[in-house]
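Engineer: Chains as they are written, first to last, in the working numbering: chain A, 1 to 556; chain B, 1 to 113.
To be clear, the hints were calculated from the coordinates, so they are not data collected in a lab. None of the values given here were measured: they were computed from a predicted structure. Treat the hints with caution; some may be incorrect.
[Stated by the list, open to error] Rough simulated footprint, nothing fancy, chain B against chain A, three-plus residues with beta-carbon under 8 Å: (1) 106–116; (2) 139–148; (3) 163–170; (4) 245–254; (5) 349–358.
By construction, the Cβ of each residue, glycine as well, lies at the ideal position given by its N, Cα and C atoms.
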Amino acid sequence: MTALRPHPIPRPAAARAGALNWLVSTDHKRIGLLILGTALVLFYAFGALALTIRAQLAQPDGQVLSPQAYNVIFTLHGTGMIALVVTPFALGLGVYLIPLQVGAPMIAAPRLTLLGYWLYAGGAVALIAAAVIPDGAADGWWAYTPLSDGSYSAGPGMDLWILGVFLAACGMVLLCGTVGWTILTYRAPGMTMMRIPVFAWAMLVTCLMGVISFPSLLSAMGLLGAGRIDPGLFRANAWNVLYEHLFWFYGHPVVYIMFFPFIGAVAEVLATFAGRRFFGYQGTALALLVFAALSMAVWGHHMFATGQVTNDYYSLTSILLSIPAGVEYFGLLGTIAGGRLRYTTAMLFALAFIPQFLIGGLTGIMVATPSIDYNVNDSYFVTAHFHYTLLAGSVFGFFAAVYYWFPKATGVMLSERLGRLHFILMAIGTNVTFLPMFGLGVLGMSRRVASYPANAGFTTLNLVSSIGAFILGLSMLAFAYNLYSSARRKVPAPADPWQGQTLEWAAASPPSRFNFGPRHPVPLVRSYAPLLDLREAAARQAAGPAGDGSAKEADS
Amino acid sequence: MRAPLVVAFWGLLNGALAATLAGFGEQPAVLVLYGGAAAVIEVIAVVLWLSQRRRTGPPAWRLPGPGDSVLLLAGGILLAGLGWAFHWYLAAVAVVPLAAAVVREASHRRQGS
């Protein structure tokens with residue numbers, strides 16, 4: 001596409017202060033921070049639920065929770081982390097960063113974006129209400145039928161769960177639409193599709209997946225709602241299978257929606273702190289597109305055990321995913337190979353993402369093989385696999401992004417010392433919690449069981465896992481304290497504290513209402529790393545006979 | 001690579017995968033689901049292409065209207081949904097924020113014009 005020509009932007013108006021102005025603001029940066037802030041608060045809440053689960057399972061015959069309360073808690077933990085935390089983390093980053101990265105003064109359809117946030121917030125209210133009322137929703141994050149129909153899950157808990165998921169999904173599809181449209185049509189002059197940052201590519205494919213997978217979830221919720229009005233519906237098995245298809249047509253791509261943006265964020269962090277251009281840009285962009293297309297074609301591997309899907313196809317497409325994934329890993333590793341690495345907190349999280357996410361990915365290939373899946377299906381092996389993908393992978397990528405872009409968003413630096421403490425505790429806690437779960441799965445411990453007998457042979461690994469979970473909890477306290485102390489100390493952040501490569505680092509910290517202006521213009525875009533181009537040009541000119549005066553010229 | 005082509009290419013990849021799935025003998029409902037999704041992506045590519053063809057000059061950035069009517073709309077939708085979960089009278093209550101959202105929106109548009 002031809003990039004947008006120079007355009008007049010609206011006259012900047014001073015951003016109004018006050019809580020209400022934040023809540024109704026159409027500034028993409030405020031909406032992005034609202035999404036990220038809400039998701040972070042919920043992350044702590046649902047993380048506390050995970051600690052309750054681990055307290056229950058730390059010992060055999062656990063009595064911390066009743067079986068019903070346990071079911072309610074793991075349902076809210078699972079649904080909440082997916083629909084209300086990690087997906088909004090991913091899209092919230094996009095809402096905040098994408099207009100800045102493509103050099104646009106605003107996001108496409110700002111009020112639709114705001115509506116997306118408020119529908120998501122409404123969904124959060126409904127989902128939490130679904131858990132706290134008597135007979136709360138207790139059917140897991142997928143709510144399989146007929147367990148979740150009106151016959152087996154009477155009461156409003158499940159209805160509220162459906163409402164919550166429906167509203168949150170509506171919000172997410174709106175966010176995908178506006179972020180994707182911004183990338184496709186709002187780019188600055190000179191920024192062709194092959195010059196958008198890697199993070200923007202990752203967000204684009206995320207949004208494409210979102211706009212076609214979330215409607216499938218909405219259809220599934222509609223079907224589930226119909227089944228609650230007429231429980232007889234799910235007596236015909238075809239509807240049960242259809243529900244699973246609709247659910248997993250969303251349920252698998254959403255895993256990719258939950259990690260693609262973080263691959264993009266990790267790519268940006270690695271390139272910046274290696275002081276190099278991202279390696280294999282074109283190959284990675286193509287790999288992202290192929291990866292995303294394949295990821296839409298693998299949902300049936302969640303249904304191997306139903307006997308209702310063509311195993312060969314879904315197994316084949318799932319294993320094919322390792323090819324584009326390998327290209328992306330090649331890009332990430334090629335970027336740091338031979339670079340002069342700076343080990344900031346963001347870089348540490350990005351580096352840890354690489355092996356940890358690899359464990360999640362490789363075990364994903366394993367469970368996408370029917371013969372293995374039949375053995376470990378519904379066991380703790382699967383729990384370990386997806387926590388390696390989403391926590392050890394995505395959440396590490398998220399924290400890499402937080403430590404990297406926090407100074408840009410707030411104008412304040414986070415403490416690196418506390419950040420390192422956060423990283424060390426989180427890396428230890430994550431691996432101590434989830435590595436033993438692979439063993440538990442192989443030993444035969446089922447997911448979603450509220451307790452286990454002492455002679456089952458699960459005791460030691462469960463205790464180790466629970467200790468790891470509490471270390472993970474400590475790491476989150478370190479992060480919370482870092483936010484608090486940094487907000488108090490207010491060490492000011494310059495516009496570009498890390499020597500970034502993409503356009504957002506040309507804006508002020510925090511950026512003005514319309515991102516760029518006379519004091520912080522959009523620089524000339526000649527590649528996917530325009531700020532690195534400027535620095536290199538300045539260095540060349542400074543080294544040349546023209547002397548140092550030309551460097552200043554290039555910078556302007 | 002132009003933006004509509006990127007989207008169309010991605011839709012085609014999905015279409016090819018759906019066609020392969022048909023070759024494996026998957027159920028028709030599943031093919032409709034996946035094929036329909038690929039078709040939606042192609043529609044988006046066409047809309048994007050048309051949108052860019054119609055653009056004759058640089059885009060004129062417009063300040064978006066205030067977001068208070070959006071908040072009221074979302075509140076109304078939540079209340080209507082709660083009506084489905086609990087009792088229909090909540091859906092009736094939802095009329096209030098929805099109507100307020102319409103009034104606010106009309107007022108903003110009048111002021112803007």
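Engineer: Each of the hints needs a verdict: does it hold here or not?
Structural biologist: Hint check results:
1. Three residues within the 8 Å Cβ limit are the bar, and the stretch 106–116 of chain A against chain B gives 5, so the coverage statement holds.
2. For the stretch 139–148 of chain A, the assignment as covered by chain B is violated, since 0 residues bring a beta-carbon within under 8 Å of that chain's beta-carbons and 3 are needed.
3. Counting residues of the stretch 163–170 of chain A whose beta carbon lies closer than 8 Å to any beta carbon of chain B gives 3, which meets the minimum of three for the stated coverage.
4. For the stretch 245–254 of chain A, the stated coverage by chain B is satisfied: 3 residues place a CB nearer than 8 Å to a CB of that chain, which reaches the threshold of 3.
5. Counting residues of the stretch 349–358 of chain A whose C-beta lies closer than 8 Å to any C-beta of chain B gives 0; at least three are required, and the coverage claim is violated.
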